[in-house]
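K.L.:
So you can see what is in the structure, the chains are spelled out below.
Protein chains: 2
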Amino acid sequence: MARKNAFYAQSGGVTAVINASACAVIETAREHRDRIGKLYAGRDGIIGALTEDLIDTSKESARAVAALRHTPGGAFGSARYKLRKFEEHRAQYERLIEVFQAHDIGYFFYNGGGDSADTCLKVSRLSAQMGYPIVCVHVPKTMDNDLPVTDCSPGFGSVAKYCATSIREAGYDVASMARTSTRVFIMEVMGRHAGWTTAACGLAAESEGEAPHVLLFPEIAFDQTKFLAKVEQTVKQHGYCVIGVSEGLQDAAGRFVSETGLRDAFGHAQLGGVAPVLASLVKERLGYKYHWAVADYLQRAARHIASKTDVEQSYAVGKAAVELALQGRNAVMPAIVRKSDKPYRWSIGVAELKDVANVEKKMPRDYISADGFHITDRCRQYLLPLIQGEDFPPFRNGMPDYIRLKNVPVAKKLETAFAI
Amino acid sequence: MARKNAFYAQSGGVTAVINASACAVIETAREHRDRIGKLYAGRDGIIGALTEDLIDTSKESARAVAALRHTPGGAFGSARYKLRKFEEHRAQYERLIEVFQAHDIGYFFYNGGGDSADTCLKVSRLSAQMGYPIVCVHVPKTMDNDLPVTDCSPGFGSVAKYCATSIREAGYDVASMARTSTRVFIMEVMGRHAGWTTAACGLAAESEGEAPHVLLFPEIAFDQTKFLAKVEQTVKQHGYCVIGVSEGLQDAAGRFVSETGLRDAFGHAQLGGVAPVLASLVKERLGYKYHWAVADYLQRAARHIASKTDVEQSYAVGKAAVELALQGRNAVMPAIVRKSDKPYRWSIGVAELKDVANVEKKMPRDYISADGFHITDRCRQYLLPLIQGEDFPPFRNGMPDYIRLKNVPVAKKLETAFAI
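Line order of the protein sequences matches chains A and B.
Taken in order, the first sequence gives residues 1 to 420; the numbers are from our numbering.
Taken in order, the second sequence gives residues 1 to 420; the numbers are from our numbering.
Please note that a few of the clues may not be correct.
The list treats identical chains as one, so a pair stands whether inside a single copy or across any two.
[Unchecked claim] Computed list of lysine to aspartate or glutamate pairs in EDC-like fashion (alpha-carbon distance at most 20 Å, straight line): (1) Lys406 with Glu208; (2) Lys406 with Glu206; (3) Lys308 with Asp401; (4) Lys406 with Glu210; (5) Lys283 with Glu259; (6) Lys289 with Glu259; (7) Lys308 with Glu390; (8) Lys4 with Asp56; (9) Lys308 with Glu27; (10) Lys413 with Asp56; (11) Lys339 with Asp151; (12) Lys406 with Asp53; (13) Lys339 with Asp377.
Note that these hints are calculated values from the structure, not bench results.
All chains, please: the whole structure from these sequences, using the hints.
P.N.:
Structure, rendered in structure tokens:
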């Protein structure tokens, strides 16, 4: 293939390390100037492509690009914007091709989760149909760890490290105060459909009695009676009880527990916040003093406590994406392949997008203990390698020194606008 | 004074670095074995003294003691237990002296906030009255930063660093998603009576437009109309709005905003959680998509992101406490003295406990901007030195490697029990 420009976009909820993948895509593309001309990024993800709002990454210094490796969030903007079904809205896909063609783009790198893998696949198919060749490579990313084929999803390991660290620290705090103060502490973590992040909290408990004592997974229907009995027993035995809970905790009828309790001043169900609902329940039924925390975005933005393994994998999939594209591999995704647990060894493999798109990897039932309140050794064995190593960002003025790119726009070439 | 044993206890809400003070007290006492015999710690703070439940710190290895420097929480247990008024419950104080006498304790080190400074002072007075000499030295600690005389309170700098770091990181996340997702993010921090922690969030905004955009202090009565106008203007100007709010935010009538909004399923006011109340308000009145986080104990336990300055000061006050005691200085507290802002230089001075006990240092009004929604340069100048430097704990298995002491009990010598 002749020298072509490339397009890169970030998609969906960002992570602490998605920019490490961006860094790798840009740096690797720059190493291949003979094959890849300009690397353009979409402002606010795929919306940037649809509206021809492209960013010229060549305007960023090597130093700024390198700093992406330690900067959380999405440097070019990301979007929760799912392209509609191909049959229903072919114009969207044709518009993408039109913009790519106008800017001589021959490579499409899409950095996201399951939805974006699907989009990436569709663009590759359309490009074949329309006779405008684009090599489409998906770069995996999601804190939810639900991408199939790949052993883990880049972005997850850092959330896992944050959650395990934070609940351990809170556990030390509560343990020292429990006699006269808080007995029950509840930390709510993200992951509406799968309990990977909740499971990661469990890593903090390395010996019997250590926090967290109870985990509440979205995969296990919430049983109020069993839960209260478990909390009471834990407080009696250890003096306190630390709980990690998924925001997506549901009761047996499939209702989110977060929506069953609280009403705001207007009588509307309060969205978000299963932790305060459980705290109220504990107080009401067991009388224990409680505290609760909702980590929310703090967990997926916590670049300061990122997993070195996760940063390296995020960089590796970005680099591999460019290399695969240069090999002409189309409609594929670099995947993490686990070669051994102890010592942990991994390599980069290749997944076909047709095997990735719209497939959600669930947490195996045997990763959750029989009583449903903790993780198993098997789960621990899977998770532990993913949080290994620290990769602290540089600090300036006592705070992490993150980069803001210049994000210089590329002059538009099309006469037409496109409504999104 | 002849060789005497010493007693050390932790009091009130723990911090990420109170154990650094404990480490210093133990290490410094060990350097003076000619003057200080055994160093006993109170299990669960002053309760341990009242109930004669003492811990023999000499049973801990030098390595274990050194590890206290990087371990959050209270290693011997802390307590929210305020001794009653001297006149009302003289027996409590007499019991302390009785226990101290039984164990040949001549030094009393009390590590806490304003309440414990008061207790420390009372014990020193009683000891004089009862003719049993005990040198009483208070070791300052509180994440609330409300101790007088000392320039800052050990424990605060680390919370400040955590809050500034976390809200900056969340700001990077929200900025990249705002176009199609969350527009308003609210992070709730501790500090019911004073806005020091909220102010620390403000450090993250180094230039115009950077997060956080709005701070809500307990010192400034919450004005719903002004708040909503400020949020709307910020979203229009920057595309998103990041808010730091104190749990103690009050309206003009002095009601906690956290208690004005949510009711649980039983109709009871939901305790804690001003962030979800504000989020509901923003959604209801401005229609923006929101997310919120409540950091709660995570912030004061976050030893992994402790301020090096804070760790050093916490150690220094512990060391100075023992040295002051050996000089026979009674009813005093080592205090941080700021010698210059730029470069930041500090030393240890001595405060008289009568000047410390029950005095609360408020945040000066000129640390808050005229509109009440941010910090001033003067505040920044005060705060910035306190978060300087990193002091990462060692990691094992991908998580901070914190110590649990053996906490070997000392054999009781008294026949009498004491009900607390």
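K.L.:
None of the hints should be skipped; say for each whether it holds.
P.N.:
Do the hints match the structure? See the list:
For the homomeric pair Lys406 and Glu208, the shortest alpha-carbon distance between copies (16 Å) is at most 20 Å, but the shortest distance inside one copy (51 Å) is not. In this homomeric assembly, Lys406 and Glu206 come within 20 Å of each other (Cα to Cα) only across copies, at 17 Å, whereas the closest approach inside a single copy is 45 Å. In this assembly of identical chains, Lys308 and Asp401 lie within 20 Å of each other by CA distance both inside one copy and across copies; the values are 17 Å within and 17 Å between. Proximity of Lys406 and Glu210 under a CA criterion of 20 Å is satisfied inter-copy only: 15 Å between copies versus 47 Å inside one chain copy.
Taking the shortest Cα distances, Lys283 and Glu259 sit within 20 Å of each other both inside one copy (18 Å) and across copies (16 Å). Taking identical chains as interchangeable, the C-alpha atoms of Lys289 and Glu259 lie at most 20 Å apart only when they sit on different chains, with a minimum of 17 Å there against 23 Å within one chain. Within a single copy, Lys308 and Glu390 get their C-alpha atoms as close as 5 Å, and across copies as close as 18 Å, so both meet the 20 Å cut-off. In the homo-oligomer, the alpha carbons of Lys4 and Asp56 lie at most 20 Å apart inside one protomer (14 Å), although the nearest pairing across protomers, at 73 Å, exceeds that limit.
Only within a single protomer do Lys308 and Glu27 lie at most 20 Å apart by alpha-carbon distance; the minimum there is 19 Å, versus 34 Å between protomers. With identical chains, the CA atoms of Lys413 and Asp56 are at most 20 Å apart within one copy only, with a shortest distance of 14 Å there and 77 Å across copies. When the C-alpha separation of Lys339 and Asp151 is checked against a cutoff of 20 Å, the pair qualifies only within one copy, where the shortest distance is 10 Å, while the shortest distance between copies is 55 Å. Proximity of Lys406 to Asp53 under the C-alpha cut-off of 20 Å is restricted to the intra-copy arrangement: shortest distance 14 Å within a copy versus 62 Å between copies.
In this assembly of identical chains, the alpha carbons of Lys339 and Asp377 lie at most 20 Å apart only when taken from the same copy (19 Å versus 54 Å across copies).
Going down the numbered hints, you'll see the structure goes against none, and every one checks out.
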